[in-house]
Amino acid sequence: RKEVEQDPGPFNVPEGATVAFNCTYSNSASQSFFWYRQDCRKEPKLLMSVYSSGNEDGRFTAQLNRASQYISLLIRDSKLSDSATYLCVVATGTASKLTFGTGTRLQVTL
Amino acid sequence: DTEVTQTPKHLVMGMTNKKSLKCEQHMGHRAMYWYKQKAKKPPELMFVYSYEKLSINESVPSRFSPECPNSSLLNLHLHALQPEDSALYLCASSQDAAFTDTQYFGPGTRLTVL
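Chains as they are written, first to last, in the numbering used here: chain X, 1 to 110; chain G, 111 to 224.
There's no promise every hint is true.
Claimed, not checked - Listed below are the simulated BS3-like cross-link pairs for lysine-lysine, each with C-alpha atoms no more than 30 Å apart in a straight line:
| no. | chain 1 | residue 1 | chain 2 | residue 2 |
| --- | --- | --- | --- | --- |
| 1 | X | K97 | G | K146 |
| 2 | G | K150 | G | K129 |
| 3 | X | K97 | X | K2 |
| 4 | X | K2 | G | K151 |
| 5 | G | K132 | G | K119 |
| 6 | X | K45 | G | K129 |
| 7 | X | K79 | G | K151 |
To be clear, the hints were calculated from the coordinates, so they are not data collected in a lab.
Put together the whole structure using the sequences plus the hints.
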């Protein structure tokens, strides 16, 4: 079983749609959780950290369920510019060691 | 300014060449990282430097040799690479080497080994 699992997609959605991505992690000792966004041939960029209480940043909402070892990202009112790969990232054990999921590809269309 | 810079952007080298990748940050971060990313795969951690000391080496072959000359600079020396080492090499930095710290990535060096 992979440490961090994501549906690779692609998710093809029209502009304005709401789309949700899920991610599961295998190590119950994982301590910090992030969503990164990566555009084609570019570096990963932090989208948001994920907290147990859930957090929202504009159109983006992230949730963490430690009991189920599950992380989600909800994007409302999708824009063309949201098209990218969304990486679920988990920090476990040794400080600073991040494990990336394989990423979920989102394509927003007109 | 959350900027990590990397040079060169692209590098083509033969298997007998010696080359170096450079990474720089001026955010006062004390942890720096090297990652390798193959096409359609997630980044994989190679090395972690914390306060200019190597703290994690993810069993990387010795043909990759990291160096941290000071707190702002990180180099990756390459020697006798193989074609399968062709990839995007990403540098990142964070405030400290704590698991809660956000890592900021540079644009990467796209390496091709012939």
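Q. Within 30 Å, alpha carbon to alpha carbon, are X/K79 and G/K151?
A. holds, 25 Å
Q) Is X/K45 close enough to G/K129, meaning Cα to Cα at most 30 Å? A) Within the cut-off at roughly 27 Å; holds.
**Q.** Proposed proximity, G/K119 with G/K132 (alpha carbon, max 30 Å)
**A.** holds, 10 Å
Q: Below or equal to 30 Å on CA atoms is what counts here, so check X/K2 against G/K151.
A: holds, 13 Å
**Q.** Hinted pair X/K97 and X/K2, Cα distance within 30 Å
**A.** holds, 16 Å
Q.
Does G/K146 sit within 30 Å of X/K97, going by the straight-line distance between their CA atoms?
A. Holds. X/K97 to G/K146 sits at ~14 Å (cutoff 30 Å).
(Q) Would the hint linking G/K150 and G/K129 be met if the CA-CA limit is 30 Å? (A) holds, 25 Å
The structure agrees with every numbered hint stated previously.
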